[in-house]
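Starting from the known structure of chain A, fit chain B onto it as the hints suggest.
Residue numbers (our numbering), protein chains in the order written: chain A, 1 to 158; chain B, 1001 to 1436.
The hints are simulated quantities; they were obtained by calculation from the structure and are not laboratory data. There may be inaccurate statements among the hints.
[To be verified] Cut-off 27 Å, straight-line C-alpha distance, at most; resulting in silico cross-link-like pairs (BS3-like, lysine-lysine):
1. B:LYS1278 / A:LYS158
2. B:LYS1089 / A:LYS107
3. A:LYS74 / B:LYS1301
4. B:LYS1322 / B:LYS1363
5. A:LYS131 / B:LYS1379
6. B:LYS1278 / B:LYS1304
7. B:LYS1322 / A:LYS74
8. A:LYS74 / B:LYS1216
9. B:LYS1304 / A:LYS74
10. A:LYS131 / B:LYS1377
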Amino acid sequence: MKSFKLLLPILSIAGLIGIAVSCAQLKTIPGLPASHPESLAVGQQVNCAECHEDQQKGTMKAFSAFSHSQAFVKNHRFYATSDDRLCATCHKSSFCADCHTNKIEMKPSTRYGDRPDREMPHRGNFMTLHKIEGKLDPASCYRCHGRANNERCVACHK
Amino acid sequence: MKKACCTLLCAVSLAATSSSVLAAEVTIESSTMLGISRLDVPGAAKENLLPTTEFLGLTANNLADGNLSLHFYGWGRADLADNSYNNDKTAGSLTYGYLQYRFNQANANARAGRLFVREGIVNEQIDGISARADLPMGFGLSAFGGATVHTSHISGENSDGKGDSLYGGRASYRYKGLLELGVSGVYESDAPTLVTRTAGDYRRVGGDVWLTPTHKIDVIGHSSYNTETDKFAEHSYLLNFKPTEQLVLTGEFNQLRDQSYLYSWTMFSGAALNPNHKSSSVGVKASYTVNNNLELAADFKHYKREFDSANRFGGDVRVNYKDNSVRGGIGYHYLDAGADFALSGNPSASYHEVRCYAMHDSKSYFAAIDLLGDFFKDKIYNENSAWEASASLGYHITPAVALSGDVSYGRNPRFTEEAKALLRLTYNYTTVGGKK
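Just chain A, same shape as in the assembly (with noise of 0.2 Å):
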């Protein structure tokens, strides 16, 4: 423990000194726009691939890796973790935090019942069915539950 206390603020600093060597050079290095040219429709499942067959110049990842299909939606920690920048180019925070967030008022499933393509989660009964879940994945609910969003935990879980 005492090393990882130690080693922090040395990797810190080193980084720190880092930037500022780099500093001259970094308008040399490319970086993603601010938000996408254009405009996407509303609850399309975007294929970046129709579009754009290069890498992009920011992340040096092919675009088509970040296609919406169902199986990049159920990953998407995965993309989001290293690449939240990519995300920011088409959405705000707001719609990562209508799940992910400190302290949330209604179930998303519930805010959204306009939109069930979007596939929030804890839809219908969950109160009952999150005995059974927490027990196969207790990690599913830690990602959101466990250091955040623990009001309505504390009310039943004393």
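For chain B alone, kept in the frame of chain A given last:
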């Protein structure tokens, strides 16, 4: 906190209405919702609930030299009849509110305020600052730090079990479009001492990888290490294989060491769990886009815990027509799980789940129906099933303003009958461009 939230909501609302004064690209998103429901729980007094909730978001771009932006999102609720939740008539929360300066090159930005950080193994909300930039030769760096955003106190405790400050960051390296490696860490100040539970300090380091040996294959994932327990907390990896443009095959592997992964989950005293217990899951999914109007998917997942294992399998069909204005889907899944996953007294936790929905958008109106049914292999609280049917109908008063209403009815083990309605007034306006 509530007063602060209300004040902030009002202030931002006023600012939003005077967007011309700000001379910026402004996006306002507002949803005002009136929920209508009646609780009729055996042995308790009947309650009429009329919670009114306002979700308000504001994004102002092109401030100052054009690279500065303001991002705000929050909600507030007032109960017009019986209390919809706990003893408070009102509630509110600032989800995020930050200023961002975005550099034109190197994906560099700096943010200050209440914000979310998602970097490698880090997924946190802080009141603080963050910065990131791509560096020469494929390197990248990000860092964040600030005060922890606390949540509700754990029952019987005077805290949520979290420390008061949080910082960390991620360093990455990428080689062309083939490989990206990241190292990230998060460090929270000491967790408070608790009365009835075991608190664990939240400190982790980890690595992440994105490997694309060919355009047809991606391997993405991360592992994290808990420096308090000196053990790995999680391995989580995804393999994507695209043999054709239409077909995506994915394989997923997740393994966590219960104590190390759930160490700071105070509500369940994660730090006191058996250090040797592991949970894992392995899954496969095939997603096939037949054409622009039809997508098929099938999946299987195997769960394993110390005490038992379970399987889930099923499939989904998604359709859309008329330039995406008509969309629909149907899905079926079956969970095959034994008594150890069941509610106490039940011989199994197995159940079938069926869902179908359809929706239509037009310039004038929009409508949706959604049906969900869970059919239990063994009765839960003397009920064979739980189901819910929902319908929604809305009208675009103007391109920016829409009024809609939802009704839903269902039966389930928790409530014999459950009927709800909701009225929704949305206002989404962007002066220029905008995001969904």
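Okay, the hints, checked on the actual structure:
1. B:LYS1278 / A:LYS158: Holds, because 25 Å separates the two Cα atoms, which is no more than 27 Å.
2. B:LYS1089 / A:LYS107: Since the Cα atoms of LYS1089 of chain B and LYS107 of chain A sit roughly 19 Å apart, the hinted pair holds (cutoff 27 Å).
3. A:LYS74 / B:LYS1301: Between LYS74 of chain A and LYS1301 of chain B the Cα gap is close to 13 Å, so the pair holds against 27 Å.
4. B:LYS1322 / B:LYS1363: Between LYS1322 of chain B and LYS1363 of chain B the Cα gap is close to 13 Å, so the pair holds against 27 Å.
5. A:LYS131 / B:LYS1379: holds (14 Å)
6. B:LYS1278 / B:LYS1304: holds (8 Å)
7. B:LYS1322 / A:LYS74: Within the cut-off at roughly 25 Å; holds.
8. A:LYS74 / B:LYS1216: holds (19 Å)
9. B:LYS1304 / A:LYS74: holds (20 Å)
10. A:LYS131 / B:LYS1377: With Cα atoms ~15 Å apart, LYS131 of chain A and LYS1377 of chain B stay inside 27 Å; holds.
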